[in-house]
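In case you want the letters, here they are:
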Amino acid sequence: MSALLSTRALSKSFGGLRAVHEVDFDLAPGEIRALIGPNGAGKTTFVSMLIGRVAPTSGSIAFDGRDITRLPAHARVALGMAYTFQITSVFARLEVAENVALAARRRLGRDRAAVARESAAALDRVGLGAHAGALPGDLSYGHQRLLELAMGLAQRPRLLILDEPTQGLADSEIEAFKVLIRDLAGETTILLIEHNMGVVMELAHRITVLNFGEVLAEGSPAEIHASAAVQTAYLGTGADA
Amino acid sequence: MTARVLALHGGLIAVLLALHFLLPAYHHGNLARVMVLACYAIGYNVLFGYTGLLSLGHAMFFAAGMYGMGLPLHFLGIGAELAFLAGLLSAAALALVVGLLALRTAGVAFMIVTLMFSEAVYLTILLAGKWTRGDEGVVLERAERVFFGLDLSDPDIRYLAALALFALCLFLTLWLVRQPAGRVLIAIRENDERARLLGYDIFRHKLAAVVISGTISGAAGAAYGLLFGYVGATFAEVQYSIFPLLWVLLGGAGTIIGPFFGVLFMFYLIDLSSGITSAYMLIAGIALVLLTLFAPQGLAGELRRRRMRWLP
Numbered sequence: 001m002s003a004l005l006s007t008r009a010l011s012k013s014f015g016g017l018r019a020v021h022e023v024d025f026d027l028a029p030g031e032i033r034a035l036i037g038p039n040g041a042g043k044t045t046f047v048s049m050l051i052g053r054v055a056p057t058s059g060s061i062a063f064d065g066r067d068i069t070r071l072p073a074h075a076r077v078a079l080g081m082a083y084t085f086q087i088t089s090v091f092a093r094l095e096v097a098e099n100v101a102l103a104a105r106r107r108l109g110r111d112r113a114a115v116a117r118e119s120a121a122a123l124d125r126v127g128l129g130a131h132a133g134a135l136p137g138d139l140s141y142g143h144q145r146l147l148e149l150a151m152g153l154a155q156r157p158r159l160l161i162l163d164e165p166t167q168g169l170a171d172s173e174i175e176a177f178k179v180l181i182r183d184l185a186g187e188t189t190i191l192l193i194e195h196n197m198g199v200v201m202e203l204a205h206r207i208t209v210l211n212f213g214e215v216l217a218e219g220s221p222a223e224i225h226a227s228a229a230v231q232t233a234y235l236g237t238g239a240d241a
Numbered sequence: 001m002t003a004r005v006l007a008l009h010g011g012l013i014a015v016l017l018a019l020h021f022l023l024p025a026y027h028h029g030n031l032a033r034v035m036v037l038a039c040y041a042i043g044y045n046v047l048f049g050y051t052g053l054l055s056l057g058h059a060m061f062f063a064a065g066m067y068g069m070g071l072p073l074h075f076l077g078i079g080a081e082l083a084f085l086a087g088l089l090s091a092a093a094l095a096l097v098v099g100l101l102a103l104r105t106a107g108v109a110f111m112i113v114t115l116m117f118s119e120a121v122y123l124t125i126l127l128a129g130k131w132t133r134g135d136e137g138v139v140l141e142r143a144e145r146v147f148f149g150l151d152l153s154d155p156d157i158r159y160l161a162a163l164a165l166f167a168l169c170l171f172l173t174l175w176l177v178r179q180p181a182g183r184v185l186i187a188i189r190e191n192d193e194r195a196r197l198l199g200y201d202i203f204r205h206k207l208a209a210v211v212i213s214g215t216i217s218g219a220a221g222a223a224y225g226l227l228f229g230y231v232g233a234t235f236a237e238v239q240y241s242i243f244p245l246l247w248v249l250l251g252g253a254g255t256i257i258g259p260f261f262g263v264l265f266m267f268y269l270i271d272l273s274s275g276i277t278s279a280y281m282l283i284a285g286i287a288l289v290l291l292t293l294f295a296p297q298g299l300a301g302e303l304r305r306r307r308m309r310w311l312p
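Residue numbers (UniProt numbering), protein chains in the order written: chain A, 1 to 241; chain B, 1 to 312.
Derived from the structure by calculation, the hints contain no laboratory data.
For clarity, every value in this text was computed on a predicted model and none was experimentally measured.
Treat the hints with care, as some may be off.
Derived Cβ-Cβ restraints for the label pairs, each shown as a range [as the list claims (entries may be wrong)]: (1) B:LEU290 <-> A:GLY16: 50 to 56 Å; (2) A:ALA130 <-> B:ARG307: 39 to 45 Å; (3) A:ARG112 <-> B:ARG104: 33 to 39 Å; (4) A:ARG93 <-> B:GLY79: 44 to 50 Å; (5) A:THR57 <-> B:ARG104: 18 to 24 Å; (6) B:ALA18 <-> A:ARG112: 30 to 36 Å; (7) B:GLY10 <-> A:ALA113: 22 to 28 Å.
Just so you have them, the derived chain B footprint on chain A, three or more residues with Cβ under 8 Å [unchecked claim]: (8) 65-77; (9) 93-104.
Ideal placement from N, C-alpha and C gives every residue a C-beta, glycine not left out.
Generate coordinates for the entire structure from the input sequences, incorporating the hints supplied.
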């Protein structure tokens, strides 16, 4: 099976700091992949390069067989990639329904009925249906995270990149999130940056561990769980495994 | 479009039409002027109020419309109809070029770049004094100001022409901000990085906003020249870039109806206070400070915040 997304020798340096170094990465269609690693391992820099927020220093990115290394972010989204922000980034002064409608409208255009239907469906799916008329600024932090997710869903992406989606969610909300992601698994490919190991172990088909900007390990949850190198990196007692 | 939105904006046009028959000559003339300037403010508001881009150089678009209309009309005798079209095209072309260059910057840099371009346009008008007659300007003869058989120097026709243009600009922008593309402009104003990552081409949308804004401003400039018979470099000076910003701030940025009330308010503020004292700018200044303190979102913006959340 050919990869939906792949990177070759993808690198990013900020001045002298090698944030991401020569990462080869392949993501199969339909997969749920978790990207984990200690703080500062380069996870967010890596996915920022995937979506086009950050330009790589060197290396290449391909999506669905097409080289997208030089494509601007909006064009990558148009190809079917979607990204939810680590730090909640919604339109705080536009109604919740309009936030999601903006996400759906790029795909559906002027078809107002379809936009309304898709927006309502996405909001219902994350459990925000009752808040459609509210302003995001008035929602709790957890609900704003869910709104981010709904904006991702409304785009019907082929690849959904979620940057720490469960951060700030209550336990009950995390349970609902897990159900939602499992439910999505048949529809789209998911790349998940996540700190909550419970979520990672339960959801991910495969896990990639980044450390100091390089791929430290990659494998099934069980393999990663057993890996001595990963244990060492997370314990922080020297990472040159 | 919901009924109350239509009723409100249609109602304003109806009131202005009724005032045509009711107002004494002095105020009748003032209101014609206010309506044309309100078109300018509406154009400015598309970029500032709806897209979130603060330009300090919109006088160049107003002037491009005015001179693009006035010079061919006066020197080539192409007739008012074609001249008006030439004014629109001049403003649109200038906006396209300025947009392509200035939109490489953002924030304060965008303000400075637009200001500089506008100064360049002003100086060009002065340098081309052989045709533009610089500060002195060009007076358009009554015979030149016949638009589809209508004598625009006649006060009644002038008022109705100003009203027609104002209604057109008002409903055009009302339509625009309810279109998918208009909603994207608002999204860009609110959070442009988010809008980009929803897959919208931010640069293209901003460029379109600059061109629409510049063209409406140019239409106002061309109409001002035709209706009041004068084309002068004053209108390209920096204060004519500041005015629309003030009008829109006073009236309510990002509201369709606000720019008109901003122009009306400021026009009569200066008119009334200059009747009381020669230090009329002091009174105007104090009123502006008070309004900024107590209604920071402008007249229509405050109305929307307090009781009319549906106000477009």
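Comparing the hints with the structure gives:
1. With their beta carbons about 54 Å apart, LEU290 of chain B and GLY16 of chain A fall inside the hinted range of 50 to 56 Å.
2. Checked against the given bound of 39 to 45 Å, the beta carbons of ALA130 of chain A and ARG307 of chain B, roughly 24 Å apart, lie outside it.
3. Between ARG112 of chain A and ARG104 of chain B the beta carbon distance is about 35 Å. The supplied range of 33 to 39 Å therefore holds.
4. Take ARG93 of chain A and GLY79 of chain B: their Cβ atoms lie about 47 Å apart, and the range 44 to 50 Å holds.
5. Between THR57 of chain A and ARG104 of chain B the CB atoms are about 23 Å apart, so this pair conforms to the stated range of 18 to 24 Å.
6. For ALA18 of chain B and ARG112 of chain A, the hinted distance range of 30 to 36 Å is satisfied, since their beta carbons lie about 35 Å from each other.
7. Taken as a hint, the range 22 to 28 Å holds for the pair GLY10 of chain B and ALA113 of chain A, whose Cβ atoms sit roughly 26 Å apart.
8. Note: the segment 65-77 of chain A has 5 residues with beta-carbon separation from chain B under 8 Å; the three-residue rule is met and the coverage holds.
9. Coverage of the segment 93-104 of chain A by chain B holds. Counting CB-CB distances below 8 Å, 6 residues qualify, and the rule asks for three or more.
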